[in-house]
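Participant: Following the hints, complete the assembly by docking chains B and C onto the known chain A.
Protein chains in written order, with the numbering used here: chain A, 1 to 125; chain B, 1001 to 1159; chain C, 2001 to 2281.
Everything labelled a hint here was simulated from the structure, so no lab data went into it. Bear in mind that the values here come from a model prediction, so they are computed numbers and not experimental data. No residue lacks a Cβ here, since even glycine has one placed at the ideal position from N, Cα and C. Keep in mind that a hint or two might mislead.
If you want a taste of the chain C side facing chain B, the calculated C-beta under 8 Å gives, among others [unchecked claim]: (1) Y2029; (2) L2030; (3) A2033; (4) S2156; (5) Q2157; (6) V2158; (7) R2175; (8) G2177; (9) A2178.
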Amino acid sequence: MVIDDSRAMRMILKRIVAKLNFEAIEAGDGQEALDLLATMTEVPELALIDWNMPNVNGLEFVTKVRAEPRLREMTLVMVTTESEQSQIVRALAAGAHEYVIKPFTEGAMIEKLALLGLVPTGANS
Amino acid sequence: MSVETVVTEDDLAEMVEQVWVSYLDPEGVSPLVVSGDDKQATEVHSTVSITGTWHGHLVYACSLVAAKKSAAAFLAMEADEVSQEDISDVLGELANIVGGNVKAMLPAGCFLSLPTVVLAPDTASYYPAAARISGLYGTWDGEPVSISMWQSVKQEASA
Amino acid sequence: MTLSQADFAFVSALVRREAAIVLAPGKEYLVEARLIPVARQVGAASVTDFLANLQRKPNPADQRRIIDALTTNETSWFRDREPFTALTDVVLPELVKSRGSARKVRLWSAASSSGQEAYSLAITLQESLPAGWAYEIMGSDISTEMIKRAEAAEYSQVEVNRGLPATQLVQYFERVGAHWRVAPHLRRNVSFKHMNLTAPLPAMPPFDVIFLRNVLIYFDVATKKAVLRNVARLLRPDGWLFLGAAETTIGIDDNYERVAAGRTSAYRVRSAVPAGAARKG
Chain A
1 MVIDDSRAMR MILKRIVAKL NFEAIEAGDG QEALDLLATM TEVPELALID WNMPNVNGLE
61 FVTKVRAEPR LREMTLVMVT TESEQSQIVR ALAAGAHEYV IKPFTEGAMI EKLALLGLVP
121 TGANS
Chain B
1001 MSVETVVTED DLAEMVEQVW VSYLDPEGVS PLVVSGDDKQ ATEVHSTVSI TGTWHGHLVY
1061 ACSLVAAKKS AAAFLAMEAD EVSQEDISDV LGELANIVGG NVKAMLPAGC FLSLPTVVLA
1121 PDTASYYPAA ARISGLYGTW DGEPVSISMW QSVKQEASA
Chain C
2001 MTLSQADFAF VSALVRREAA IVLAPGKEYL VEARLIPVAR QVGAASVTDF LANLQRKPNP
2061 ADQRRIIDAL TTNETSWFRD REPFTALTDV VLPELVKSRG SARKVRLWSA ASSSGQEAYS
2121 LAITLQESLP AGWAYEIMGS DISTEMIKRA EAAEYSQVEV NRGLPATQLV QYFERVGAHW
2181 RVAPHLRRNV SFKHMNLTAP LPAMPPFDVI FLRNVLIYFD VATKKAVLRN VARLLRPDGW
2241 LFLGAAETTI GIDDNYERVA AGRTSAYRVR SAVPAGAARK G
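In isolation and in its complexed conformation, chain A is listed as follows (with noise of 0.2 Å):
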């Protein structure tokens, strides 16, 4: 699941999930993302989650998502410019399993979900 307000970072992020063999679903916010959630009986393996959009922001959905036995296995990496550490720091907390920060390669992108198991060995490079 790619979950961003611009529909440019989605297609950027859909297409390197692509090669990996994800299929992708498009959340446009938060609140998008958890209405989306709740009518799906397979749980998406992982999700890809802006901090900054409107109405349910990356963060409150990282929290809600922790506190759904349901969504337990998901895997949650935030993609997003906040890049304080101490941003870091309380995504991680509320239950990220890993950041990446904008801007971010494709190679980048790739070796991060390598480290959450994601990444059939060889295919990265």
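Facilitator: What follows is chains B and C alone, placed relative to chain A:
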């Protein structure tokens, strides 16, 4: 804590380089070439505002051709297929990315607005109450592109 | 203006052989754009002239320039991952047993470039060594420019995104303006020296572990032999050598034997050979 915050041209240049290598020119064949010409005409202006402990704006400006080219690179489409909405979305995200990184260099407690993109010439008239504190001016494939930072004058006076 | 097919084929073959990089046809413009500054740097009139000279008279320094120009920022944290896992799971437990009296390990990141490997080693040791143990890491590089960068220990946003887990970013780095700097408690244990691995190496205490990765690929067989011989003198008899995934000592230097280390391999000096003994070459 000082409000005399320095985000230098070198800092902006480094951010630009990172945006280019990440999205606009991943193969490293078409960099932004710095010209220093702050009078160059631009037609698209994307702005994020910073509020909180520091007040001002980050403006990403470029020609329509450069804007279409940026959008095409982001969205993996041809430049002539790019719509006005595509330009608005991509240029907004570019200002957001640079703005977020600039914010991290400012005193703690700043907030970033959502970006505003206008397709019109001349940026200064939109922010009459702000003064430019740094700017990076150059060309990308011959097309003008600039990134500049503006600090609200009112805050300076009261600081 | 654009590269000839023959020149492109020459460059493709070079980078495929030496760096396992495959240049797809149609990337002529990319090769050309990347080699223009290289040609200028070596004083050639054009990329075509530069490549013609090199084909007439091969030289490793110019080959390395081409490979560097065509490898975009390959420097990641914990690059290739497995050697660092092997360090934690296999090498350090063994060293902790055998170095019980000294309680100190010494590591060398040979060809440390901008320092990511040396600091990745420092993070690994910081997290894996038992309390009360000390470590020392030396990085070396042939480029004084790179030594300066590594000593400064400052990395851009894009650089810290590469392979560095966020938990370690916030734990071992501090934000300095637009950059991230390695924390002082790690930097204290890491030093850098300018060094040419193909020349006789300065005298120094031997190392328990040497990372010599993606260095041999740049050299011809005679130079590979010389480097491996130089390095063997600085490896403790029971020490470990890690090479790049595409590199080996097999067929180059029989003094080393390949051993399994976790899911990767490392090299150790054969026990029959008294390591450290000066083997004049």
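Participant: All the hints need checking, so say for each whether the structure fits it.
Facilitator: Hint-by-hint comparison with the structure:
no.	hint	result
1	Y2029	holds, 7 Å
2	L2030	holds, 5 Å
3	A2033	holds, 4 Å
4	S2156	holds, 6 Å
5	Q2157	holds, 6 Å
6	V2158	holds, 5 Å
7	R2175	holds, 7 Å
8	G2177	holds, 5 Å
9	A2178	holds, 5 Å
Checked against the numbered hints given earlier, this structure breaks none of them.
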